[in-house]
Amino acid sequence: MSAYVVRRILSMVLLLVLLSLVVFILFSLLPADPARLTCGKGCTPSVLEANRIKLGLDLPVIQQYWEFVKGLFVGRTYAANSPDPVQCSAPCLGYSFKRGEEVFVLIKDRLPATIWLAFGAFVLWLAAGISLGIYSALRRGRWQDRSVMGFALVGYSLPSFFIGLVAIFFIIIRWQLLPFPSYISPFENPVQFLQTMILPWIILATLYAAFYMRLTRNQMLEVLGDDYIRTARAKGLPERTVIRKHALRAGLTPIVTAAGLDLAGLLGGAIITESIFSLPGVGSLAVNSVNDADLPLIVGITLVAATFIIIANLIVDLLYAVIDPRVRLT
Amino acid sequence: MTQIASNGDQVLRVTDLRTYFPVRSRGLFPKTIGQVKAVDGVSLSVAPGETLGLVGESGCGKSTTGRTVLRLIAPTSGTIELDGDDITAMSAKQLVPLRRKAQMIFQDPYNALNPRHTVGTIIGAPFEVQSVTPPGGVQAAVQDLMERVGLNPEHYNRYPSEFSGGQRQRIGIARAVALRPKIIVCDEPVSALDVSIQAQIMNLLKDLQDDFGVAYLFVAHDLAVVRQIAHRVAVMYLGHIVELASREDLYAKPLHPYTHALLSAVPVPDPRAQANREQIRLSGDLPSPINPPSGCVFHTRCFRAEDRCRVEVPELRELLPGHTVACHFPMVDLQSTPSSVESSKI
Amino acid sequence: MMRAARPFLAVEGLSVEFPTEDGRVQAVDGVSFSVERGKTLAIVGESGSGKSVTAQAIMGLIDRRLSVVSGRAWLEGRDLVAMSDDEVRHERGSSMAMIFQDPMSSLHPFYRIGAQLSEAVLVHQKVSKQEAREQVLEMLNRVGIPDPKTRIDDYPHQLSGGMRQRVMIAMALINSPALLIADEPTTALDVTVQSQILELIGTLQQEYDTAVVMITHDLGIVADIADHVAVMYGGRIVESGTVDEIFYEPQMPYTLGLLSSVPRLDQVRAERLDPIPGNPPSPISLPPGCVFQPRCAYSDRVTSHACETVRPELVDIGGGHTMRCHLDADQRGQIASDVLSALAGGGA
Ligand SMILES: Nc1ncnc2c1ncn2[C@@H]1O[C@H](COP(=O)(O)OP(=O)(O)OP(=O)(O)O)[C@@H](O)[C@H]1O
Ligand SMILES: Nc1ncnc2c1ncn2[C@@H]1O[C@H](COP(=O)(O)OP(=O)(O)O)[C@@H](O)[C@H]1O
Ligand code: SF4
Ligand code: SF4
Ligand SMILES: [Mg+2]
Ligand SMILES: [Mg+2]
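Chains as they are written, first to last, in this note's numbering: chain E, 1 to 330; chain S, 1001 to 1346; chain Y, 2001 to 2348.
Be careful, since some hints might not be right.
Each computed DSS-like pair below joins lysine-lysine, with the alpha-carbon atoms no more than 30 Å apart [what the hints assert, rightly or not]:
#1 Lys245(E) <-> Lys2126(Y)
#2 Lys98(E) <-> Lys54(E)
#3 Lys2149(Y) <-> Lys245(E)
#4 Lys245(E) <-> Lys2129(Y)
Just so you know, the hints here were simulated from the structure itself, not pulled from any lab data. Source: prediction; values computed, not measured.
Looking at chain E on its own, in the form it has when it is part of the complex:
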């Protein structure tokens, strides 16, 4: 088991290296000259050249990549020979000249809002999605099932920016049930934190819960037809034990996969929800970085998001082995 984890972590690192290399090469192939983008209207060739050197863009791609990797571990100094060198301490994910800030710091500052949003919504949608999915499966074909599935269909097909804007309009502007969202750390002001987060949570969770209801319902229906469920009933177990202990566990695997990957995906930034509610998260940072063509920042966010997904993959695989004893981690 531990050997397996070590091996998986090694291959994870390998994957990240490859991924970052690909990201690097892709961005170097872009037709736009990133240096030009750093230099506004009154750009002169000499400023442009200086910026190019600052960014390290004068070096070959592979060397740029090498500098980047080195920076991750030992930090990095941009334009060391110029009069105004820029210091980027380890772990240096790059430096945003646009924002005059280290990419790592930019992302780190934005992560708490994203993490709170993602985990809050995650708990909500899992609770709602799984319980309603089971309920629906048990009332299959009857009106309760149809209404849950109808709700799922609506939740699934309404774009979240639409629900989000409608919610802001009615709940915040028209009825003034909640103050205007303004993110604050829960440790500073828990009440304001909750007032800010409650709508984004619900709206993000609605979208995902709809998907998890359908997934859970389909899984349960499939599993409830399995032979070992009949055996469990033949033993005389009460129906709720049959459902909770036998059926749910058997149907859990795809739900765990989806949940792990969805959560990881959100940790890379819930772009729409963050933007609508002006949450200072990674998602809105990503939008801004793209708008500004802030290349180092884009690369940094991409790599962080990918790392979350790769880690989630490992955790999901480990969870499989916990759920299903036939899965052998070798």
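Take the given structure of chain E and dock chains S and Y with the ligands to it, following the hints.
Chains S and Y with the ligands only, in chain E's frame:
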């Protein structure tokens, strides 16, 4: 009955055939950690118009033998001669014309047919593959075949899902006999069917054999079915043929302890006869073909095993004319049906 | 209800109907039979004849919200069909138990066999987990699992097919039920393992004085272990009697057809078997008269097309031997002796 050639030109001759499947570890960098010896040194031959039954417990390598013989699986070693041609090492392209001579019928009448093709297309496919135009055209030939196997030729344009299990098996049979092959490998063709349908299909296979002189390699686990249809029977255990004899000899005087046990384990549909039969109950299950036992592969379950069996591999010997057995201590002393085996051995 | 003579298990007019998109499926129609403790009733029939549905209806395993179950199933004088879902649940696994065809898929792949067996103990007996485990070990030992102390912590996939079926038997019998229903328990197993399992069921049946309902399509198994036999076709019992009556004095053309369809291991039959023509009926469109009529070779011997229009009633032709057929006794006797002698002389 078609005359059975006793020797000379066989439609199929297999010598020392081995088919091993590599066992790989799972994970990112799989490596081969062993081999499943699914078929481990099988020799057999089938004469024109003859049915050779191949019986044994699940996993003993019957299907793998059948598939390897048709080169649907690559053999690990040994030779396969089809109607005089050595096909062991032929390329896929070289094999195409030879596919006319050898066909296959599968167990599962539900999965063996493409659900999106009409029955006409399915049965006519061999003509297309071989670019053969039968006299009167493909449709007429297919409808002829449908009639021959007991299907309504008007159902030419229907899809497999509209047919019952027995009818689907008839479709598979029509497809297999379309090009008048010399041999058909039948892999458990009646195992998934109800008894009444099973009997219908067995009769059909016999009729086709009488009409066309086709030979069958008939793979089955049901010993009663094999007795009904086969001329000779080979008993397999863990990748080896342990006994091969004419149907009469094998069922009346089985010489291998495993054959004895197998026959005695099948209950007969006759309460009084059944009450008088003595059963040899083998202990345990089939060992893993990844790590087969040393010496005689059957020694872990054999009631006659002695020390020699654990070390020395018994060769297949012709003990009686046409009756070969691989056992150091064959049951020649008990020249009778399994019912007379001493019960102390049970 | 207080008739003293009621058999241990008495099924009377049991019917199960499923409303489906294609129409009403009358899976079981008016099935009646009985079994005493220590005896074995075999239910034989081709697939789709309603054997499994009958068994599951007795066990209360048919979802009554999705089907209509009617009739009576008296177990020791209490009607299982009339009981509430919760009452039947208390009987399941304690006074009656069931084992199924596929021992691999019938065990939960994620739980150790010890846990699955203990669960069966704990739901019906007020004992500690430790005591339950003791009982499980004892039971695993009884069903011939080698080295139960280590095997108890195995997962199902670590056991062979035969061992899994032994575990299923252990699970079924752990609360010493008086009724065991076995639905094709050996169909998925090799013959050598089948004979081990049948022997085990027989031994435990004697030990616990269990009534066994053995569902099978294999006439060899029927001949081997049954005391009584019920032949099902199209959701109905078409003939039932003692095992000797069914094998040596069959009355109904379908029973004869089955007997002449089976190849035999112990004798050479005629080169060609004499099977029943055609296919079993679809339960959605059963023939209006005798359900066997479309495949019956003798229906033209019955006057005024009764076979096509009139459902034959189940009649007792003496001593509990019952059957459904319009043919009169002489005709049946004639047909049976013709068919059976053709079978016996088949080897010639
Ligand atoms: N493609 C494959 N890869 C690995 N192992 C295989 C493969 N095909 C078959 N085997 C193994 O080879 C052995 C023989 O299999 P085969 O299917 O020939 O058995 P069989 O005698 O036909 O059994 P059955 O009666 O269950 O059909 C088995 O142990 C099986 O698991
Ligand atoms: N849940 C169900 N819904 C509809 N039809 C069913 C259901 N269960 C069984 N049937 C039908 O009832 C008939 C009898 O089935 P079954 O008892 O399983 O047959 P068998 O004799 O092979 O055990 C079959 O035609 C089957 O398709
Ligand atoms: S060689 Fe020995 S172990 Fe093998 S079958 Fe013969 S007696 Fe049994
Ligand atoms: S009632 Fe008629 S159709 Fe039915 S079995 Fe008897 S003779 Fe045949
Ligand atoms: Mg096979
Ligand atoms: Mg069934």
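Fill in: Holds or violated: lysine 245(E) to lysine 2129(Y), with C-alpha atoms at most 30 Å apart
Cα-Cα ~17 Å, so holds.
Discussion item. For a C-alpha distance cap of 30 Å, please report whether lysine 2149(Y) and lysine 245(E) respect it.
Written reply: holds (25 Å)
Worksheet item: Is it true that the CA of lysine 245(E) sits at most 30 Å from the CA of lysine 2126(Y)?
Response: holds (20 Å)
Discussion item. Check the hint pairing lysine 98(E) with lysine 54(E) against an upper bound of 30 Å on the C-alpha distance.
Written reply: holds (12 Å)
Checked against the numbered hints listed earlier, the structure breaks none of them; every hint is satisfied.
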